[in-house]
Structure formats: C-alpha cells, structure tokens
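Participant: What follows is each chain in one-letter form.
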Amino acid sequence: MLYIVSLMDKSLKEALMKVMMSDFTPFPLDKSICTGWATNEPRGGRTILYTGCMYQVVPLSAIFDRFIPILSKNRLFYASLLNLAKKFHPDKPALDRSYKILRSISSLLKKNGINFGYMYDDEPYSGAFLLELGMLSDFERYATLVREKFKQQGVKRIITIDPHSHNALSRYSEFITFDIDVVNYMELLREVGIGKKGDFVIHDSCLYSRFLNKREVYRELLKKAGVSFKEDYMVTSKENSLCCGGPLSPIDERVSKRIGEYRANQLKKVSEKVIVQCPFCYVNLSPYVEAYDIAEVIDSE
Amino acid sequence: MNEIWNIAIDRAVNNNVPRVRSILESYPYINDARKKLRQGKTEVIKDISKYVELTMESVKRNGGNAYFATDAKEVREIVDKIVGDNQRIVMGKSMVAYECGVRDHLIERGKDVWETDLGEFLIQLSNEPPSHIIAPAIHMTKEQASKVVRKVNPDSKAQSHEEIAVEARKFLREKFINAQVGITGANAIAADTGSVLLIENEGNIRMTTILPEKHIAIAGVEKILPTLEHAFLEVMVQSAYAGLYPPTYVNLTSGPSSTGDIEMKRVSPAHGPKEFNLILVDNGRIEVSKDPTIWESLLCIRCGRCHFHCPVYRVLGSTWGDPPFTGPMGAMWSYVSYKNATPSTYCVHSGGCREVCPMDINIPKVLEKLKSLSQK
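These protein sequence lines are chains A and R, in that order. Numbering of the first sequence is given in our numbering, commencing with residue 1 and proceeding in unit increments. Numbering of the second sequence is given in our numbering, commencing with residue 1 and proceeding in unit increments.
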C-alpha cells in the first residue's frame, strides 16, 4: 500500500512549523476567521474560553488538506504558496454555523454563571495536529511557546470546547511543565437550554469517549435537556463506536472519507439524526447524515 | 475488492463481537486470568535472554531439540537442516513461519507443502497474503471460497460453509497421513517445563503435531511464559478473546512421544513423532523489548480482537500493515518484525483497540511513538 504521508516531506513540515510558531495558527490563515464570532466577549483574563480556532477553521481544513499535495509538488514556491493559503475563506453558511455554535456555548456558560474572557488575536492554536501526526518533538517545541503566550496573558484556567484542543492541552504536562488548569465547557454546565426534538443517535468523539473520560458528561447534558437518543451496542458502545475518519484527512483524504461514510452508514441504522461533539466529526459525517453539534441540540432556541 | 471486503468484514464482526461479549460475561474468571497473564508476559519480556535459556534447557531435558534464530534467514536455515531430504510437509497456521517465509522457501526447494488450517489453506490456494491474524481468509466471502476450493477439486459443488470445509477435509486427509514433517507455531511456551501449547478448533494442529515423524514448532520469543500455569492461562484468554471459547482442542507437547509401559522405563518414540524441535525466533523482538513504549507490543497474544474495533482496518483490511500483521496489532508488529513504522501513520487514535485488548496494551500510545519514528 502506498503511504501518502510521504508526500508531506520534511521541508514542507518545517515550513508549516515556521508559520505555526510565528502565527500560532494550525496552518497559514487569516486570523479574522478565528475571532469573527466574538463581539462582546471580555478580552483576556485568568479564565479564558478557548476555541483553538477549531470550529472556525474546520470548513477550511478540507481545502488545506487538498492543498498539501499541490504544495509538495512545488517545493520551490513553499513561501509564496503558504502565503496564498492566507487568502482562503470558508463558505459563509458554514462559517456562520460555526460562529452560532461558539456564541451558543458562550451564552450557555454565562447562563451557568461562569465568567471568562477570550484572547481574540492572541489565542494560540494548541498544536493538536502535531501531536496526532506523531510530530512529538515539534509538539513539545511548540507547546513551550504556547505556554509562554498563556503566561504573558496571566491565564490560569482554560475552558476548552472541542476534543482535539482539550486532548492536546491536557497532554502538555507529559512534555513540559504546565500548571494551567484545563477544563471542558460541558463539565461546567449545570443548566442547559431546551433540547432539540427528534430521535437522535450519538456519534462519540473518540478522544472524549475513550481518552478523556467525557462520555457520560454529554450523555447527562442530553438527558437534562430532554433530548431523545438511542443506544446500540454495535454502534454506540464505548468499545464498538468508531472514528469519523477526520484525523486521517491530512494524511490520506480518500481513506478519511471512506471511514466517514462507513461510520455514517452504521449510525444511520440507528437514526438519521446524529449528535457530534467535535467540529471535525461534523465535517466528515455531515455529507451522509443529518449532523448536529451537541451545542445545537442542548440549547435549541 | 472494496465491496466484497465490506460484506466479509461486516459478517465477521457481526458474528464475532457479540460472541466475545457473551463469552466474557459467561466466564468472568477470564478477567482475572488475563491480568495474571499480563504479569507473566511482562516478566519474560523484561528478561528475554534468561527465559530463552531456561526454555531451551527445559526442551532438551524433555528429549527435544531447541534452537534460537536471530532472524528469518536463520529460521529457514534451521528448518532446512531439520527437514533434510523429507519431501512431504504439513503446516498448522504459524504466523511466525509466514513472517519468516518458511512455506514459500520450502516450496521453492521442491517440497510438497500444505497449509492445513482452512483459512490458511484457502489463501495458499488463492496465493494471497493473510488478512487477519487468526482468520487469515477473513477477506474471502463463502462465494469466493467455493471458487477457490475448485483448484483442488474442479468438480466441487461446495457452496455452503459446511460443504467448503468438507472439501478441504477430503483433500487434506491424505496429506496428513503421508506427511513426514509437521510445522506449527505456538500460542504459549512454558519456560519451566519446555511445553508448547497450541489452541485450535479444526483438529488440523493435533494431526500436524502427532502424525508426522518430525514436529517443528516455530515461535517468537515473546510467546515464552514463566510457567506452565501461565501458559494455560494464555490458552484460555486467547481463545476467549478470539470468540472461540472453549477451544475445541488444546495441544500440549513436551518433547517427542514416549512410553514407559515396559518396566516403567521411559523410551521414545511411541506413536507420535520421534523428533520434537522448537525454534525460538528473535527477528526484532529483543531490540523492541528495550524500548520504554514499544515493548508493550510484545504483550500481544494474537487474539485478533483489536482488528474488529478499528475503523481503519474495517475500511482498509489487509492492505493496512505488512502481512501477516494487519490491523492495530499489525501496525505495531510491522515495526517489530520488519522495522516498518509507516503503517502507524494511518492510526486515527480511535482507541477501540485499547478498550478491548485483553493485555491492556496501550496500542494508540505505541503507534504514536511509531508515527514519530516514521518521520526520522
């Protein structure tokens, strides 16, 4: 089998690292895409709501994944091609949906009496994809810079909203000294809104379910919101539920999509309406099923 | 290929996964057994050289021959020496023999060699690599298998699972009876007694270990366990997690056949083989045993359960990993045996493998380390 990862050669990885370490974004990116959702959030503070720009860039990541093979064939033009990537903009409806989810999460937290700020342009990307691609020494190098960024802003507590950022930040302490508290927004919600009507099936985020012990946290929130969902041992149990294929997208987009379709077909046997907790799961599954982010389901108004 | 694979894997998962669940619920002592087994395996992996020595001494004490091979080439050389001029050989599904290219090597040397495990027999006939560690022909639907058996019986009308099995049985009977050498693997080897344990359901391994005059067991050094008690635990845990509990047959071999019936003097041979040979294979394992993360891959007991809980295997099948090593365990073992870390790059850290692994191997963590090695 041809392992396409070889396309991402060392010099391309180095070029991407350089951008990440100067811009603190997962790939070359117009930063206003990340911050556009926030209008009235207080800037900075000891406790911050951390987006990692994940919901915002997801509509773009597919374009970027397709861009990698093009980049690899044009090694002499890395710098200018990477600059070109900063001109990419996601579809407006997709970006608006992401913004709506972010605002909904912010509003839910506020309703629960949680005070927080947002770092706007200063919010650094977590480095999740370095960790997930096994670029462990780069991840360590990058985490050191991110830690400094948080320290400069006096951050003591980070509220994450997606599994990839939560996983990456939670694992900083395996690589560097890191004493900032990392908590997920779902764990802070005591009250939720009115649940969306319909019979749903949960597609668990692999990281939340099998690595971060959050599986019951969002099930409880769904129950609290009165959301109806069905479980099926072969499809939704901890040991049998499968990945959406998302993490493979930068390595092999074709196989990533095949996994997404395979998973969607399993879920459809339980329900067409699928609840996800991760923006990447949404992107990989929504071509085949009616997908909703959990924030859209537990606060449907 | 994709469509047939999807049908085959879905049938296999739907047959196997609920069965394993029910076995584990019905026999709760398996849970204690697997914990004790992990301890035993860990003890050996931390000191492999000592246990290789102990095992070889025990085998010799039983009247058998014990060999240590550092790589695949040495395995083939030792097999050549043992086989000698004998022509007719039967094999009982040894993945280590596949890893070391033993079957192809013997065929190249003009020997008449037959795989006797039904799955392995089918892939020998179709000239394909194995796609699953315990169900090597898992990629084949029964419709395909019925075509494949026509290679040995062009008049075969076999259609059902049962009829295909009967077709193989008819053909292989004669091969068993006339075989001069039987080659198997080992599920577990007890260092204290020098016993080799093999689990099976077909009866082919029992015949392969009993009927020919010479028996060769080829096994990775990680199959050694400190005691015979541990080795029995391995047999129970492996078969339960493979969904085949209780196993139909468990074969225990401690040296060549013998009898003490005349004046209580133990002499050899009796009815079974007159020669027992154990080849312990390193082929990369000892080096890996020293890595603080990757060593866990050696705990694998080859139950094949991780495959069914992995989205990448469910979609890619045998094309992911270096045969016979496919699936999550295969992504680890492609590195152990072939020093190929690239399959790990396809791991999506879904984590199902870790949830179901009876040895609690942190497979995603091992693969994360291998991903990092693949970039160097």
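Please keep in mind that the hints were generated in silico from the structure rather than gathered at the bench. Since the structure is predicted, the reported quantities are computational estimates derived from the model, not experimental observations. The C-beta atom is built at its ideal place from N, Cα and C for all residues, glycine as well. Heads up, a few of these hints could be off.
Chain R stretches covered by chain A per the calculated footprint, using a threshold of three residues with CB under 8 angstroms from any CB of chain A [said to hold, decoys possible]:
(1) 68-79
(2) 312-320
(3) 354-360
Participant: Each hint should be assessed against the structure and marked as holding or not.
Facilitator: Hints, verified against the model:
1. Here the segment 68-79 of chain R counts 0 residues with a CB under 8 angstroms from a CB of chain A, which misses the bar of 3, and the coverage is violated.
2. Note: the segment 312-320 of chain R has 6 residues with beta-carbon separation from chain A under 8 angstroms; the three-residue rule is met and the coverage holds.
3. A stretch counts as covered by a chain when three or more of its residues have a beta carbon under 8 angstroms from one of that chain; for the segment 354-360 of chain R and chain A the count is 3, and the coverage holds.
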